[in-house]
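Peer 1: These are the residues of each chain, in order.
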Amino acid sequence: MTTTQTTTRPAGAPAPAGRRRVRAYLKAPSDRDRRPPLVLLVPACVAALFALLPLGYLAVRALERGPQYAWDVVADERTLQLLGRSLGLTAVVVAACLVLGVSLAWLTVRTALPGARAWSVLATLPLAVPSYVAAFVWLAAVPGASGFGGAALALTLVSFPYVHLPVAAALRGIDPAQEEAARSLGHGAVRAFLRVTLPQLRPAAAGGALLVALYVLSDFGAVSLMRYDTFTRAVHTSYRASFDRTPAAALSVVLVVMTVALVAAEARTRGRAGHARTGGGTARPAAPVPLGRWRIPALAWCAAVAAVAVAFPLSTLGYWLTVGTSATWDVGDLVGTASTTLGVAAAGAALTTVLALPVGVIAARYRGRGARLLEQAAYAGHALPGITVALSLVFFAVRYAYPLYQRLPLLVCAYAVLFLPVTVAATRAAVLQAPRVLEDVARSLGRSPLRVLREVTVPLAAPGVAAGAALTFVVCMKELPATLLLRPTGMDTLATRLWTETGAGSFAAAAPYAATLILLAAVPSYLLGRHRT
Amino acid sequence: MRRPLAGRITALLAAGLLLPALASCGSDDDKGGSAKSGDSTLVIYSGRNEKLVEPILDKLEKAVGTKVEVRYGDSAELAAQILEEGDRTKAGLFFSQDAGALGALSKEGVLEQLPPSTLDEVDEAYRGGDGDWVGLSGRVRVIAYNPDQVDEDEVPDSVHDVVKPEWKDKVGFAPTNASFQAFVTGMRALEGDDATRRWLEDLKANGAKTYAHNLATLDAIEAGEVSLGLVNHYYWYERVAEKGEDKVNAKLHFLPGKDPGALINVAGVGILKDGGQSEAAQKAVDFLLSKEAQTYFADTTKEYPLAAGVTSTVEGLPPFDSLQSPDIDLGKLESLQETLAMLQDVGLV
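Taken in order, these protein sequences are the chains called A and B.
Positions 587 to 1119 (my numbering) are the ones given, in order, by the first sequence.
Positions 75 to 423 (my numbering) are the ones given, in order, by the second sequence.
So here's chain A without its partners, still in its complex pose (with noise of 0.2 Å):
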């Protein structure tokens, strides 16, 4: 249809419209502060107000008494002296999660490592391990693990994936024939890779980095095993001890006032370069580097890790179940309660997809700060605990949502609030890696904004999209406080069983759960592994 007309159009008239249209993209680049369309702006701000709906409700309870009883809670000097430790234990984990990450990705992407696709999904899955049994587990092996290395240990096991999958998909992402032109051009692999494909993974190891600090900033499991007292436990036992929703509310607005300096600082590490390949043709897959002697070490360094983050819990896990008595299997039970998280899990990875598509878009290609306004909008709750999430959801719910109180959308919903800036940084990160000309040039041949999204952004960013999706559907899986409140009465997931089993004392009871959500998380793991584009 398309060539047709173009052949009965007259000869002359496509040259001019072409240079206009190299002239549209040319001037792209510095076009960067435009208007987002509509058809981006009004979902994203819908999402945006989505994820600000925590604060708005602490913004009630913390004014509750007036504002100087709120700042008289936060001017405690305990207030700085927790700050101090969250940070301190922030940063730890951080950096370690950037060490395991990237070298994972990298080693398992890049280079003729063995079986790199096993070491990939064995990579992803300790996102499976709720961050309570994990530190459950090192503090039974190793009781003396307790207090700030032990809660670093924990959380960096269980966290680190979400730096090593937005990086592996970076990697294969990017095209390899700008790190050959580097080669050509005298280059080293070693220095190739730090010159050329770094920072190009720049946006996606910030992103993840940045997700790791939020989560760590609002565990409350790990912590409070092993003792080590950060600001979020702070929360919890201000909620515990006074039953007064007022301190609690106080204290976690300073926790959200954190959360945008941190999205903000990432903001600023993101530097201004675009890193989409440009050239003509598709990528194709890069040659991936020989390890030569540094193969034993690489394996050793992948086993080292697969060890004590997949293979120590799960062995732990079988040991009570050998031992406890209170072990039983009850097939029924567990498949029932497995196929109910499987479906509220992907419920909610659906949803929070959707709506971190627009804000995830919006995040890569404008730079205004409207574009910076909306993405920190839609990471400003993500360091807060979980509990808090829950309470401003049941408030909300009861107040305007009545019906849907203890129903499943409202759990799925309360998913997409506290899941919403790992799918925005997956999203962020995939886009930013597809061509911005590919979108310029089909909105020069008059394609609509919405098409342009449809048939050119998404399918480029699918990957990227994909496990930031598979990403979320994990991490709900294991979801706890807010499950806990929100869920119609009477229903289970794995992680309330596992919580049910661990409240009663009977850890072998629930290992069976615990082995079963970390087997089914492998599912989504192994496809994130496997999959190439």
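Keep in mind the hints are simulated off the structure, nothing from the lab.
Hints may be right or wrong, so weigh each one.
To be verified - Taking lysine to aspartate or glutamate pairs in the DMTMM-like style, the calculated list, with each CA pair at most 25 Å apart, reads:
(1) B:Lys181 <-> A:Glu650
(2) B:Lys136 <-> A:Asp662
(3) B:Lys125 <-> A:Asp916
(4) B:Lys278 <-> A:Glu663
(5) B:Lys141 <-> B:Glu319
(6) B:Lys365 <-> B:Glu353
(7) B:Lys317 <-> B:Asp293
(8) B:Lys283 <-> B:Glu299
(9) B:Lys133 <-> A:Asp662
(10) B:Lys283 <-> B:Asp268
(11) B:Lys347 <-> A:Glu650
(12) B:Lys365 <-> B:Glu182
(13) B:Lys347 <-> A:Asp919
(14) B:Lys133 <-> A:Asp916
(15) B:Lys133 <-> B:Asp360
(16) B:Lys125 <-> A:Asp919
(17) B:Lys332 <-> B:Asp235
(18) B:Lys278 <-> B:Glu299
(19) B:Lys325 <-> B:Glu412
(20) B:Lys321 <-> B:Glu228
(21) B:Lys141 <-> A:Asp662
(22) B:Lys365 <-> B:Glu124
(23) B:Lys242 <-> B:Glu226
(24) B:Lys125 <-> B:Glu366
(25) B:Lys321 <-> B:Glu226
(26) B:Lys278 <-> A:Asp662
(27) B:Lys181 <-> A:Asp830
(28) B:Lys238 <-> B:Asp276
(29) B:Lys181 <-> A:Asp658
(30) B:Lys317 <-> A:Glu663
(31) B:Lys283 <-> B:Glu412
(32) B:Lys278 <-> B:Asp235
(33) B:Lys125 <-> B:Glu319
(34) B:Lys317 <-> A:Asp662
(35) B:Lys325 <-> B:Glu389
(36) B:Lys325 <-> B:Glu353
(37) B:Lys357 <-> B:Asp373
(38) B:Lys357 <-> B:Glu135
(39) B:Lys133 <-> B:Glu186
(40) B:Lys283 <-> B:Asp267
With chain A's structure known, arrange chain B on it following the hints.
Peer 2: Structure of chain B alone, referenced to chain A:
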């Protein structure tokens, strides 16, 4: 071009933030939480673990004669949820693991007055001062010890003794545990803030080791990490049920002489005023105080039954009336704020 957009988004997001604040001002007026489905269903929010109480709640359904739905959660979080739900709460009955959460709800005025006949089932010491909640089962603070390291007659008879030099680095406890904090609150009520603070400082200075919860403390005693631990009595029985009695080495010592370390805390229930399920909830409370339910708590959860003349059947457990626990108004244990501040000051949490 940029300014107006950023400005407009800011305005939009700010409006989104303010909406709940504005709406919450209005919501006090629209009383009545009309959509109550409660007539035919009793909803119980249970802060007690499903494993422990599900069998008796199953029987409760038959006794009450309506459909019963149970929501399991953490006592403190469920209490916060009930307060957040306000007059539209779904809960008809709150089954709390401790007196503190019940006291907090009582203070907020969301619990219904219980009839004297119900209250009189339970000793005055184990029910709410305002008559709006009642204890069902009791658990007592004890000192657990490792018999390989300490002879029974050497185990201290008072928590004041564990801060003595001979127990340096040998005591374990769980400072974030609600029962421990209830015990400290009780100690403050009995002996005053100064004495309690001094005791906490001495405990810390004496190298007492902190654990995440009672079970971890018990494990540390088993492993010989510490010789003594301040725990609740029934955790020991849980461990025995989990591992078998021959594999549990630790033993329990019950403190005499109304020592603050022998505090009895209770699990109990309160009926929600706004749940619209009072009738069914009242039947449920009566059932939980009945002989059948009380015998269940005695036999299965290894706690002390508080009503219906039932006595504990657990072997080796001293009879309830032989316990020499301190006289404390449990309803007052809800005010943990000062206790927490004290624990923070001393540097224990």
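Peer 1: Give a verdict on every hint.
Peer 2: Going through the hints against the structure:
{"no.": "1", "hint": "B:Lys181 <-> A:Glu650", "verdict": "holds (17 Å)"}
{"no.": "2", "hint": "B:Lys136 <-> A:Asp662", "verdict": "violated (52 Å)"}
{"no.": "3", "hint": "B:Lys125 <-> A:Asp916", "verdict": "holds (14 Å)"}
{"no.": "4", "hint": "B:Lys278 <-> A:Glu663", "verdict": "holds (21 Å)"}
{"no.": "5", "hint": "B:Lys141 <-> B:Glu319", "verdict": "violated (38 Å)"}
{"no.": "6", "hint": "B:Lys365 <-> B:Glu353", "verdict": "holds (21 Å)"}
{"no.": "7", "hint": "B:Lys317 <-> B:Asp293", "verdict": "holds (12 Å)"}
{"no.": "8", "hint": "B:Lys283 <-> B:Glu299", "verdict": "holds (9 Å)"}
{"no.": "9", "hint": "B:Lys133 <-> A:Asp662", "verdict": "violated (49 Å)"}
{"no.": "10", "hint": "B:Lys283 <-> B:Asp268", "verdict": "holds (22 Å)"}
{"no.": "11", "hint": "B:Lys347 <-> A:Glu650", "verdict": "holds (23 Å)"}
{"no.": "12", "hint": "B:Lys365 <-> B:Glu182", "verdict": "violated (31 Å)"}
{"no.": "13", "hint": "B:Lys347 <-> A:Asp919", "verdict": "violated (35 Å)"}
{"no.": "14", "hint": "B:Lys133 <-> A:Asp916", "verdict": "holds (22 Å)"}
{"no.": "15", "hint": "B:Lys133 <-> B:Asp360", "verdict": "holds (13 Å)"}
{"no.": "16", "hint": "B:Lys125 <-> A:Asp919", "verdict": "holds (14 Å)"}
{"no.": "17", "hint": "B:Lys332 <-> B:Asp235", "verdict": "holds (14 Å)"}
{"no.": "18", "hint": "B:Lys278 <-> B:Glu299", "verdict": "holds (16 Å)"}
{"no.": "19", "hint": "B:Lys325 <-> B:Glu412", "verdict": "violated (32 Å)"}
{"no.": "20", "hint": "B:Lys321 <-> B:Glu228", "verdict": "holds (23 Å)"}
{"no.": "21", "hint": "B:Lys141 <-> A:Asp662", "verdict": "violated (49 Å)"}
{"no.": "22", "hint": "B:Lys365 <-> B:Glu124", "verdict": "holds (21 Å)"}
{"no.": "23", "hint": "B:Lys242 <-> B:Glu226", "verdict": "holds (18 Å)"}
{"no.": "24", "hint": "B:Lys125 <-> B:Glu366", "verdict": "holds (18 Å)"}
{"no.": "25", "hint": "B:Lys321 <-> B:Glu226", "verdict": "holds (19 Å)"}
{"no.": "26", "hint": "B:Lys278 <-> A:Asp662", "verdict": "holds (23 Å)"}
{"no.": "27", "hint": "B:Lys181 <-> A:Asp830", "verdict": "holds (11 Å)"}
{"no.": "28", "hint": "B:Lys238 <-> B:Asp276", "verdict": "holds (8 Å)"}
{"no.": "29", "hint": "B:Lys181 <-> A:Asp658", "verdict": "holds (23 Å)"}
{"no.": "30", "hint": "B:Lys317 <-> A:Glu663", "verdict": "violated (45 Å)"}
{"no.": "31", "hint": "B:Lys283 <-> B:Glu412", "verdict": "holds (22 Å)"}
{"no.": "32", "hint": "B:Lys278 <-> B:Asp235", "verdict": "holds (14 Å)"}
{"no.": "33", "hint": "B:Lys125 <-> B:Glu319", "verdict": "holds (20 Å)"}
{"no.": "34", "hint": "B:Lys317 <-> A:Asp662", "verdict": "violated (45 Å)"}
{"no.": "35", "hint": "B:Lys325 <-> B:Glu389", "verdict": "holds (13 Å)"}
{"no.": "36", "hint": "B:Lys325 <-> B:Glu353", "verdict": "violated (44 Å)"}
{"no.": "37", "hint": "B:Lys357 <-> B:Asp373", "verdict": "holds (23 Å)"}
{"no.": "38", "hint": "B:Lys357 <-> B:Glu135", "verdict": "holds (10 Å)"}
{"no.": "39", "hint": "B:Lys133 <-> B:Glu186", "verdict": "holds (24 Å)"}
{"no.": "40", "hint": "B:Lys283 <-> B:Asp267", "verdict": "holds (22 Å)"}
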